[in-house]
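> Residue-level listing of the chains:
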Amino acid sequence: MGLQGYGWLLLDGAKLTVLVGLSSMTIAIFLGLIASWGKLTSARFARGIASTYTTVVRGIPELVLILLVYYGIPTLIQDIASAAGVDLIIDLNPFTAGVGTIGFIYGAFATEVFRGAYLAVPKGQIEAARAMGMSTALTFRRITLPQMWRFALPGLGNVWMVLIKATALISVIQLPELMRNADIASRATRMPFTFYFAASLLYLLITIVSMLFQQKAESWANRGVRRS
Amino acid sequence: MGFNIILESMPRFLDGTLITIQITALSVVIGLCLAVPLALMRVAKNPFVRGPVYAFIFYFRGTPLLVQIFLIYYGSGQFQNGLSQIGLWYLFREAYFCAIMSLTLNTAAYTAEILRGAIQGVPWGEIEAARACGMSGALLYRRIILPKAFRLAWPAYTNEVVFLLQASSLVSIITLMDITGVARVLAARTFAFYELFLTAAAIYLILVYGLIWVFHRIEYRISAHLRAAPETAQPAAGM
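Chains as they are written, first to last, in my numbering: chain S, 1 to 228; chain C, 1 to 239.
These are calculated hints, taken from the structure and not from any lab test.
Misleading hints may appear alongside valid ones.
[To be verified] Sample of chain S residues at the chain C side, in silico, Cβ under 10 Å:
id: 1; residue: Ile27
id: 2; residue: Phe30
id: 3; residue: Lys165
id: 4; residue: Ala168
[Claimed, not checked] A few chain C residues that don't get close to chain S, going by computed Cβ distances all over 12 Å:
id: 5; residue: Tyr74
id: 6; residue: Ile86
id: 7; residue: Trp89
id: 8; residue: Tyr90
id: 9; residue: Phe97
id: 10; residue: Arg142
id: 11; residue: Ile145
id: 12; residue: Ile179
id: 13; residue: Arg184
id: 14; residue: Phe193
id: 15; residue: Glu195
id: 16; residue: Val214
id: 17; residue: Ala224
Yeah, the Cβ is synthetic: ideal placement off N, Cα and C, and Gly gets one too.
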């Protein structure tokens with residue numbers, strides 16, 4: 001299958017896809033940890049915000065949110081600024097808008113994963129840690145968090161698999177990731193099937209590598225757990 | 001904020017909502033019809049039956065839906081001559097057909113995997129009991145395994161349908177005028193970006209949570225035998 005010298009373009013795109021994926025996943029994990037704390041805390045206000053976040057985000061298509069953030073937020077800020085008598089021109093770059101939006105969306109999915117993982121850590125261990133005189137923060141860092149990873153990894157793996165495929169949507173706002181570059185190459189060569197198929201195989205490769213990595217990570221997180 | 005723009009574009013959004021519902025419903029129904037035989041083939045013992053189905057499911061679950069849509073809609077152009085010769089080109093020329101086809105194949109793969117899990121989750125005792133009653137083959141599947149598997153699969157299937165409803169927004173990229181398509185076209189014309197995309201988001205929210213409500217009602221109906229028996233009715237005061 002001849003790629004007519006456009007193979008490197010696809011590989012470049014794949015690199016950016018992985019970078020976008022990892023950056024969004026980092027944001028998603030941070031947001032997920034914070035929002036799951038919000039869901040589990042007794043503070044009413046935080047709980048309200050966290051559940052609004054997960055409810056709303058999971059009910060809106062990724063594409064609509066990406067378009068809303070990339071096109072909508074700059075115009076919204078400009079409108080507010082011009083109402084206040086200031087002239088502003090704001091341009092979000094596609095990378096920031098894409099990574100921010102994908103991270104924001106999958107943060108909502110990670111929230112549920114972390115919430116489940118926190119609840120899976122036996123309560124007696126937390127009580128024991130408190131009885132040893134550990135503070136809430138120290139208990140979280142030493143007792144809860146290390147064990148949460150074990151319960152959270154399968155769920156986070158699923159979030160990652162869906163997230164890396166969702167990054168293809170950022171091609172809509174012209175970020176030169178794998179999908180966008182496949183688009184460019186297919187237009188230039190008039191071989192759309194060849195290039196989209198090649199791109200799909202690269203996505204498949206990313207998925208396969210992720211699955212292998214997930215297996216390794218899970219067996220690492222489960223070290224010291226006796227298996228029946 | 002331009003409320004006028006939102007009000008004025010409401011008729012267009014309603015048309016878009018109908019398209020979204022239509023595309024989703026068609027793909028869900030055809031996808032389910034494909035998924036059942038695929039799931040049965042996926043659990044078959046013969047590796048020549050199981051293998052190709054596994055590859056199909058793996059490919060469609062492992063690649064982005066957007067690639068699949070482009071592969072079918074734009075990719076078919078590469079085979080225009082061949083497709084014209086066998087008289088199928090007029091189908092692949094239509095964005096609507098390509099959208100339904102890619103969404104259907106995608107959801108068929110995900111649903112088949114959900115059903116596979118459910119079929120393998122049917123308690124062995126029930127199958128043994130059915131065999132002891134003399135059921136086998138198709139009868140066993142029709143009476144025992146499939147009904148049970150559908151009930152087991154329902155919560156996961158609910159998620160899949162919700163995902164498909166949201167994923168149908170991608171058809172706007174190949175020029176179809178669904179909710180997202182309407183918002184994009186109107187926004188490009190009026191520059192009322194956040195008003196229109198927020199409206200689209202609100203419509204999706206209503207559709208998604210409406211759909212979830214309906215599916216939960218159905219789940220409630222099909223799990224009647226799992227709930228505690230209703231308490232015997234107390235004579236209400238004044239009756």
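> Broken hints, numbered, in rising order?
1, 2, 5, 12, 13, 14, 15
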